[in-house]
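Engineer: Chain by chain, the residues run as shown.
2 protein chains.
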Amino acid sequence: MNYPNGIKKEHNTSPLTYSNRGMSLESDLNETNEYYREINKAYIYKKPTPVKIVKVDYPSRDKAVIKEAYYTIPSTTDYNGLYDGKYIDFEAKETKSKTSFPLANIHSHQIKHIKNIYNHQGIAFLIVRFIHYNETYLLPAKDFLEFIEQEERKSIPYSFFQTKGYIIKDGYKPRLDYLKIVDRIIGGK
Amino acid sequence: MNYPNGIKKEHNTSPLTYSNRGMSLESDLNETNEYYREINKAYIYKKPTPVKIVKVDYPSRDKAVIKEAYYTIPSTTDYNGLYDGKYIDFEAKETKSKTSFPLANIHSHQIKHIKNIYNHQGIAFLIVRFIHYNETYLLPAKDFLEFIEQEERKSIPYSFFQTKGYIIKDGYKPRLDYLKIVDRIIGGK
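Residue numbers (the working numbering), protein chains in the order written: chain A, 1 to 189; chain B, 1 to 189.
Because the hints were derived from the structure by calculation, they are not lab data. Take these hints with a grain of salt, some might be off.
Treat identical chains as interchangeable: a pair holds within one or across any two.
Computed list of lysine-lysine pairs in BS3-like fashion (alpha-carbon distance at most 25 Å, straight line) [said to hold, decoys possible]:
{"id": "1", "residue 1": "115", "residue 2": "142"}
{"id": "2", "residue 1": "63", "residue 2": "93"}
{"id": "3", "residue 1": "98", "residue 2": "67"}
{"id": "4", "residue 1": "164", "residue 2": "47"}
{"id": "5", "residue 1": "112", "residue 2": "46"}
{"id": "6", "residue 1": "55", "residue 2": "112"}
{"id": "7", "residue 1": "47", "residue 2": "93"}
{"id": "8", "residue 1": "112", "residue 2": "41"}
{"id": "9", "residue 1": "112", "residue 2": "142"}
{"id": "10", "residue 1": "96", "residue 2": "63"}
{"id": "11", "residue 1": "98", "residue 2": "55"}
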């Protein structure tokens with residue numbers, strides 16, 4: 001079982017209450033990170049969406065309006081920051097699939113980024129929500145990268161998350177206490 | 001004197017050669033970071049420019065064209081990454097002023113960000129180039145934040161950089177070896 005000690009106990013009042021509100025993983029993580037900042041536990045934030053700006057108008061002296069731009073393929077992950085003096089870096093994705101997480105969701109540049117973070121002693125991972133099961137998993141970079149190197153498959157089976165990943169239970173504050181899992185990964189707490 | 005040991009010696013062939021090529025600080029830093037990645041010394045990258053996207057067109061199935069967007073005030077710094085297992089974070093700016101670095105160049109959100117990184121044990125600093133003098137300084141977060149707290153001035157005097165900052169000498173590869181200064185700040189090497 002991959003449940004971290006204590007998490008079950010702490011949220012035993014109504015484990016499914018929050019997961020059914022239709023909140024997106026992104027808003028759950030933003031609220032969680034805001035809470036971590038409030039209590040000064042960690043400083044983790046979301047990076048801007050990368051766009052390539054092609055045309056900019058200046059209708060008035062101080063105002064620039066971007067009139068043509070394109071989404072570019074992200075070369076890094078969405079979230080990073082500091083926890084307990086350590087570099088934290090992760091990508092978060094939801095999937096509607098019941099059986100696997102399609103790797104098309106993670107660009108090759110992002111995989112390289114995760115590898116770089118891991119090799120330079122940062123703490124990197126994926127957070128993947130299987131919407132159908134109302135389950136959110138943290139998958140450490142080590143296991144993710146091993147899968148990529150060993151398998152030719154274009155998706156990571158749900159069972160792999162059950163075996164190698166860690167369930168992040170829903171809560172109220174924080175909504176997704178993923179740092180509890182990070183504690184386990186780092187220190188075997 | 002704030003010259004790090006050895007830097008003078010290493011680049012004693014033609015210290016002014018590269019600084020006169022009219023390269024921007026940004027391109028110098030991008031080349032430097034690329035070099036650090038190549039030799040696997042550090043993994044430091046530039047964040048995307050933050051924009052608020054207002055209108056997106058889909059002229060064809062897979063193509064999204066952003067038709068209206070605005071630059072937003074950056075809430076974080078431009079560069080971050082990992083060096084020697086440590087979180088590195090900095091903002092880089094050029095100024096044409098001969099006497100001071102105007103604080104209007106750094107937004108209040110960015111100052112808060114630098115403070116957060118510093119408080120969470122990350123290594124944060126400013127890199128400021130005084131174009132007139134062909135000089136590039138690294139100013140540690142600690143000194144920068146002390147200045148902000150103690151002074152009411154709207155700019156940091158050039159002399160403050162001379163006293164508290166560290167000159168980053170121009171080179172060929174890497175073009176701006178700022179990690180040599182980071183070594184000194186961390187370990188007194």
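Engineer: Taking the hints in turn, state whether each one holds.
Structural biologist: Structure-based check of all given hints:
1. Proximity of residue 115 to residue 142 under the C-alpha cut-off of 25 Å is restricted to the intra-copy arrangement: shortest distance 9 Å within a copy versus 31 Å between copies.
2. Taking identical chains as interchangeable, the C-alpha atoms of residue 63 and residue 93 lie at most 25 Å apart only when they sit on different chains, with a minimum of 21 Å there against 35 Å within one chain.
3. In this assembly of identical chains, residue 98 and residue 67 lie within 25 Å of each other by CA distance neither inside one copy nor across copies; the values are 40 Å within and 36 Å between.
4. Taking identical chains as interchangeable, the C-alpha atoms of residue 164 and residue 47 are never at most 25 Å apart, the minima being 27 Å within one chain and 31 Å between chains.
5. For a Cα distance limit of 25 Å, the shortest separation of residue 112 from residue 46 qualifies both inside one copy, at 19 Å, and across copies, at 15 Å.
6. Taking the shortest Cα distances, residue 55 and residue 112 never come within 25 Å of each other, neither inside one copy (30 Å) nor across copies (31 Å).
7. For the identical chains of this complex, residue 47 and residue 93 are neighbours both inside a copy (15 Å) and across copies (20 Å), given an alpha-carbon limit of 25 Å.
8. In this assembly of identical chains, residue 112 and residue 41 lie within 25 Å of each other by CA distance solely across copies; the values are 16 Å between and 28 Å within a copy.
9. Taking identical chains as interchangeable, the C-alpha atoms of residue 112 and residue 142 lie at most 25 Å apart only when both belong to the same chain, with a minimum of 13 Å there against 33 Å between chains.
10. In this homomeric assembly, residue 96 and residue 63 come within 25 Å of each other (Cα to Cα) only across copies, at 23 Å, whereas the closest approach inside a single copy is 41 Å.
11. In the homo-oligomer, the alpha carbons of residue 98 and residue 55 never lie at most 25 Å apart, since the shortest distance is 42 Å inside one protomer and 33 Å across protomers.
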